[in-house]
Amino acid sequence: MSDYIIEAIRDGVFETLIMTFFGSLFSYLIGLPVGVILYATSKGRLLENRPANIVLGTIVNIMRSLPFLILLVLLIPFTRFVTGSSIGTVATIVPLTVGAIPIVARMVESSLCEVKPGIIEAANSMGASPVYTILHFIIPEATPSLLQGAAINVATVLGYSAMAGVIGGGGLGAIALQYGYYRYQKDVLWTTVILLVVLVMLIQEIGIFISKKTRKN
Amino acid sequence: MSDLVFELENVSTTYKNDGKEFPALKDVSLQIKEGEIYGIIGMSGAGKSTLVRTLNRLEEVSAGSVKYYGKDLAGLSSKELRNVRHSISMIFQSFNLLEQRTVIENVEQPLKIAGIKRSERREIARKMLQTVDLSDKETVYPARLSGGQRQRVAIARALASDPKVLLCDEATSALDPKITGEILDLLKKINEERKITIVIITHEMSVVEKICDKVAIIDEGVLAEAGKVKDVFTNPQSKAARKLVFPSNPFDPSSENGKLIRIVFDGTNANVPFIANLVEKTGKKVNILSANTKSVGGIGYGQMILELPDNINDQKIITGFFKDSGLSVSEVDRI
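If you're matching them up, the sequences are chains A and B in order. For the first sequence, the numbering used here gives the first residue as 1, with consecutive numbering after it. For the second sequence, the numbering used here gives the first residue as 1, with consecutive numbering after it.
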């Protein structure tokens, strides 16, 4: 492999990490509250509200059923509006965030559902308000499970970031596509694939390690 | 009437299953006075857990009213209800502690809800842990504690908000007999020292015998009987109460005409040798099939199952003798 390719791969790793980090961060900033609302408004929960739950649930389901590649294309005008460009590392963060929000929301919702009903009953019996119960009883109890879900989500975002190479995103995905696919440079293709696999595994292991560290039961 | 903590009038509740409504409690009326330890006993599914949840409105009533210090709970706004709940603590069979929080953080929880400052919270929580004898476990997580210790933490948490009432929902059912005894002693101590009214839901007779002043027996959603533990346990009136108080008899009379009777004696005559007197006075003999004596609130009471001879005349003489001696006599059904 020539020097410039090695340099490109080095930059690619960096770009991939940037995209994964900010994509995950922004998708949690929005997806976490959405997941909490989905949980709290569902049937039999603290803030049961069927209309709100159905509307939000439907939006999430529609977004989740769109293939990410299609979403990338559909979001081009929006991405350009937000970042001023539709190609490159920064631009890719927009569709990554949008694509991951529904996944994060459903993952958060299912983590919260795992909290034992007895904990909620205890909070109720102490005179805690629904919002207090969610913030100080349910979310802390669900934290290890939320972190485990986060590890999976971050790995998913990393996978998606590679796909963004198709429409001009940066990172390892773009390199694999340009050198490996269009130019048949098998060694570049395999190098990027191996790097991607290693990155996913690292994220997964670190996530599980943190989750285990925080779990007290 | 100010010493009445809870007053239930014709309370009924329903629960929904597959869109159909089923009654859980039917027309239950009872009163719980300040400072009492009130036991509510019944088989599982009898509705006792529902009953205790109407006391802090975790369960809504469909008819009738639940009054707490004269105030109808159904009329409270959700904010008023939350304030009332600060003064009614609850402990559970499964403890319901926050697993991801330390012991002391768990105990602080109700104080945090009440908006008390952090430094003050710590201080109160420490005192509560002292009360339940767990000062050395402050920074431990619940998963590292035994069942008895977890229930102690739950009790400390319940006491932290300085409540007037403590509701115990099968609080000892997950514990072994020795630990159950320790928890009950602790509850008794709390009742005496802090003058807290305690309501205990249980399916175990021994729990009621050990610490309760009054008892209500719930059977299939209906209040079968209520009164002082001594009265209900020595002389149960309802069928449900008899089933609970008297263990079932595993024996059949040894002959066709044989008859089994149960005699019950309470503290006032527990030291009289009835059987010896019977033989001496009437010359008739009985066969003791089973007997036991219990202490209810410090008073000994016991019951015996006797097999009477075949002769009907002899049977009459013997039952007559026991009745004249002031014992309650009842026939035992054949199996």
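Source of the hints: derived by calculation from the structure; they are not laboratory data. Owing to the predicted nature of the structure, the values given are computational and were not obtained by experimental measurement. A hint or two may mislead.
[Said to hold, decoys possible] Derived lysine-lysine pairs resembling DSS-like cross-links, with alpha carbons at most 27 Å apart:
id : chain 1 : residue 1 : chain 2 : residue 2
1  : A       : LYS216    : B       : LYS228
2  : B       : LYS33     : B       : LYS67
3  : B       : LYS294    : B       : LYS243
4  : B       : LYS137    : A       : LYS212
5  : A       : LYS213    : B       : LYS137
6  : A       : LYS116    : B       : LYS228
7  : A       : LYS216    : B       : LYS117
8  : B       : LYS67     : B       : LYS26
9  : B       : LYS195    : B       : LYS243
10 : A       : LYS43     : B       : LYS316
11 : B       : LYS285    : B       : LYS316
12 : B       : LYS71     : B       : LYS195
13 : B       : LYS79     : A       : LYS116
14 : B       : LYS281    : B       : LYS243
15 : B       : LYS33     : B       : LYS164
16 : A       : LYS216    : B       : LYS33
17 : B       : LYS189    : B       : LYS243
18 : B       : LYS112    : B       : LYS195
19 : A       : LYS213    : B       : LYS316
20 : A       : LYS43     : B       : LYS16
21 : A       : LYS116    : B       : LYS112
22 : A       : LYS116    : B       : LYS16
23 : B       : LYS188    : B       : LYS137
24 : B       : LYS71     : B       : LYS26
25 : B       : LYS178    : B       : LYS230
26 : B       : LYS79     : B       : LYS67
27 : A       : LYS43     : B       : LYS20
28 : A       : LYS116    : B       : LYS230
29 : B       : LYS33     : B       : LYS189
30 : B       : LYS188    : A       : LYS216
For a quick check of understanding: which of the numbered hints are violated here, in increasing order?
1, 6, 9, 10, 14, 16, 17, 19, 28, 30
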